[in-house]
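Engineer: From first to last, the protein sequence lines are chains A and P.
Under our numbering, think of the first position of the first sequence as 1, with each following residue one higher.
Under our numbering, think of the first position of the second sequence as 370, with each following residue one higher.
Bear in mind the hints are in silico, worked out from the structure with no lab data behind them.
Be a bit skeptical, because a hint or two may be false.
[Stated by the list, open to error] The list that follows gives simulated cross-link-like pairs (lysine to aspartate or glutamate, EDC-like), each with its CA atoms no further than 16 Å apart:
1) 202/A to 447/P
2) 202/A to 464/P
3) 292/A to 348/A
4) 475/P to 464/P
5) 202/A to 456/P
6) 571/P to 84/A
7) 208/A to 257/A
8) 462/P to 447/P
9) 208/A to 532/P
10) 571/P to 163/A
11) 202/A to 453/P
12) 202/A to 212/A
13) 571/P to 257/A
14) 678/P to 717/P
15) 462/P to 476/P
16) 571/P to 212/A
17) 577/P to 163/A
18) 678/P to 397/P
[To be verified] Which stretches of chain A does chain P cover? Using the computed rule of at least three CB atoms under 8 Å from a CB of chain P, they are:
19) 68-79
20) 228-237
These numbers come from a predicted model, not from an experiment.
Beta carbons: idealized from backbone N, C-alpha and C, even for Gly.
Protein chains: 2
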Amino acid sequence: MTQSEVLQPATTPAASPVTLAVDCMGGDAGVACTLPACRSFLAQHSTARLVLVGNAQAQSALGDLAQHPRCSFVLASEVVTMDDGIEVALRRKKDSSMRVAITQVKDGHAMAAVSAGNTGALMAIARYVLKTLDGIDRPAIATQLPNATGGATTVLDLGANVDCSAEHLLQFALMGSALVVATTGPARPTVGLLNIGEEVIKGSEVIKHAGELLREAHEHGHLNFYGNVEGNDIFHGTTDIVVCDGFVGNVALKASEGLASMIAGFIKQEFSRNWLTKMAALVALPVLSAFKNRVDHRRYNGAALLGLKGLVFKSHGSADAYAFGHALDRAYDAAQHQLLAGVRAGIERAMAPKAEVDTLSAVPTPEPT
Amino acid sequence: MTQSEVLQPATTPAASPVTLAVDCMGGDAGVACTLPACRSFLAQHSTARLVLVGNAQAQSALGDLAQHPRCSFVLASEVVTMDDGIEVALRRKKDSSMRVAITQVKDGHAMAAVSAGNTGALMAIARYVLKTLDGIDRPAIATQLPNATGGATTVLDLGANVDCSAEHLLQFALMGSALVVATTGPARPTVGLLNIGEEVIKGSEVIKHAGELLREAHEHGHLNFYGNVEGNDIFHGTTDIVVCDGFVGNVALKASEGLASMIAGFIKQEFSRNWLTKMAALVALPVLSAFKNRVDHRRYNGAALLGLKGLVFKSHGSADAYAFGHALDRAYDAAQHQLLAGVRAGIERAMAPKAEVDTLSAVPTPEPT
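Just chain A, same shape as in the assembly (with noise of 0.2 Å):
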């Protein structure tokens, strides 16, 4: 088998029609935002069905949805807050819209879940109710950033986890690349492993193991292994995938969110000084526009919390219809391109060959005739 072969399986669109589960409660917005992304979902997806959970308010606000030929409702009397803990979210409110959203995906109503809820939250239930595949220690969230490419940046862990060992990150890798060719991605993504330089010598004791069990992996042809990446790569978009652990993604993608946000009020502030720059900016505003709609990031709004025995998808909490629609769509792909399959094809690959090495050590040696 060629090594392109090896990744190929998973983009195999799926037979039947993608269903999704919405947690129509989620996020800073709730049903505002997530009914008119969903009404635009199945406009723009001729077969796509979707599956509504709410509380009653959710159910009164449906509108045309209630009669939509691929869309059904189901009631869940509770709301996980934003603010809700974990213990809350899994143990006093178990008829929530982000359990139930989740159940959907266990019983098979639905191939992904995605909700804009609390992360801490649609983590912990969906740990509890979907269970980790098997081969998966801890699961991780991927999110995609853009780059200097004009593509996009696969980051993992962005938080899950906070210590994570070597082989972890060998999994997050393997997850990240099954992701890729899902979702968006050539049919070998690239995998860089995060450190503060680019030589095997760098970083801890866990991130130099990390490098050699990825460089074995890529050996093995289960991964392509680029090497050692910085956080400066992340956005030149050196690699397809940069794996990390939990902490250092949270931070990093974090630090960005607040450099963007710094540059845009710069930018506003220099173009609204007086009348002249205001002036300035409406000869400027098609670039101006241009130039935002770039570095949109609804536009890659939809994390992926991976490693689970079914899909989940994370909106950002304060996202408007435009990026819940995005969230959808990055769902809806991986539904359609069979990403789980993918994922757990992925694991037992590389697991096999010392699966094989401890079967062959347990047959007791010959004696020398």
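Model the placement of chain P on the given structure of chain A, informed by the hints.
Structural biologist: Same frame as chain A, but now just chain P:
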């Protein structure tokens, strides 16, 4: 003693004129960058003195600096290149301009050394020549990043230490506070602990323990601890100082550099797309220049190596004369306001209660009579 008094002494200006030792050979441009920057520096600071260190080529390029009454030249036969490993820089190039400049500080001929040379070599030589301060386990690298308030956030560590204990993070907080007091800042700068959430229960065990130590130090008036901050807070300017381990700090810094460079590239591309957008660029030029000036990273050039028995400042390797001048200014401010005494005092105060407790516990408890 009130809390505000605690941090005051470090701001007292030095009695004697400030002398800086400059490694003229460091950085991508070498003397073409450092010598013009030194010329401007001497013109701007009427009492400051410079000890320039370089090879014969540098000596012949001195021009009017050779006769300057507040400038002297020290010949060094070797140059540490940007690619030299730590071993080469430390063991095989004992007469490098970098090392000779640092030795000027050790021998009391200069109050701070400034180099644009390779960071790893600079830190290794500085540690070897100057040694670490009592009470400091590991030196740290601190830099400033612009924030949305129009000020700057001091971030440390930026790559000197890949694995840090809670005690190291406390030491970074104390050293960072002394740096801000001495260079730019308020008398009681606020310290944030970089984490993946604001709640005290967030983060790894090391981070949670560091939070406890920082709260304790705050209660004793040794520093002004704000609490946990997230990546975006660096650019929001939530606190004056953000403390993190060197791996996380390095990734956050480089990711930000990568994003800033991507955004600058996009703005340029959009404005040079066709003759219409080029006209818009002409009209918007003053606004774009004002914006560019606000986020100009050259103004934040000059990272401090903290925790050593002498002051060393690191300029970016790609610095031009303008940027290198800012690194010289930072070193001048630090020396002028006795940063070294400030760091030493901060560490001593914070370590003192523990020493007292230890002494007390060593005193035998009197027998009840």
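Engineer: Now tell me if each hint is right for this structure.
Structural biologist: A quick look at each hint next to the structure:
1. Distance hint between residue 202/A and residue 447/P is unfulfilled; the C-alpha atoms sit about 26 Å from each other, more than 16 Å.
2. With a CA separation close to 27 Å, the supplied pair residue 202/A and residue 464/P exceeds the 16 Å bound.
3. Straight-line distance between C-alpha atoms of residue 292/A and residue 348/A comes to about 42 Å, which puts the hinted pair past the 16 Å bound.
4. Taking the CA atoms of residue 475/P and residue 464/P, the gap is about 15 Å. The hint holds against a cut of 16 Å.
5. Pair hint residue 202/A plus residue 456/P holds up; C-alpha atoms about 15 Å apart against a cutoff of 16 Å.
6. About 15 Å separates the Cα atoms of residue 571/P and residue 84/A, which keeps this hinted pair within 16 Å; it holds.
7. A hinted pair counts as satisfied when its Cα atoms are at most 16 Å apart, and residue 208/A with residue 257/A does not qualify at roughly 28 Å.
8. Restraint check: the Cα-Cα separation between residue 462/P and residue 447/P comes to about 6 Å, which is no more than 16 Å; the hinted pair holds.
9. For the suggested pair residue 208/A and residue 532/P, the alpha carbons sit about 13 Å apart, so the restraint of at most 16 Å is met.
10. Among the hinted pairs, residue 571/P with residue 163/A is consistent with the structure: their alpha-carbon atoms are about 12 Å apart, no more than 16 Å.
11. Taken as a hint, the residue 202/A and residue 453/P pair is honoured in the structure, with Cα atoms around 15 Å apart against an allowance of 16 Å.
12. Taken as a hint, the residue 202/A and residue 212/A pair is honoured in the structure, with Cα atoms around 12 Å apart against an allowance of 16 Å.
13. For the suggested pair residue 571/P and residue 257/A, the alpha carbons sit about 20 Å apart, so the restraint of at most 16 Å is broken.
14. Of the supplied pair hints, the one linking residue 678/P and residue 717/P holds, its CA atoms being roughly 14 Å apart against a limit of 16 Å.
15. Between residue 462/P and residue 476/P the alpha-carbon distance is near 19 Å, which puts this suggested pair outside the 16 Å criterion.
16. Distance check on the hinted pair: residue 571/P and residue 212/A sit about 30 Å apart at the alpha-carbon level, beyond 16 Å; violated.
17. Of the supplied pair hints, the one linking residue 577/P and residue 163/A holds, its CA atoms being roughly 13 Å apart against a limit of 16 Å.
18. Taking the CA atoms of residue 678/P and residue 397/P, the gap is near 28 Å; set against the 16 Å cutoff, the hint is violated.
19. For a cut-off of 8 Å, the count of residues in the stretch 68-79 of chain A with a CB near a CB of chain P stands at 0, and the three-residue condition is violated.
20. With 7 residues carrying a beta carbon less than 8 Å from a beta carbon of chain P, the stretch 228-237 of chain A meets the three-residue requirement, and the given coverage holds.
Violated hints, in rising order: 1, 2, 3, 7, 13, 15, 16, 18, 19; the structure is consistent with all others.
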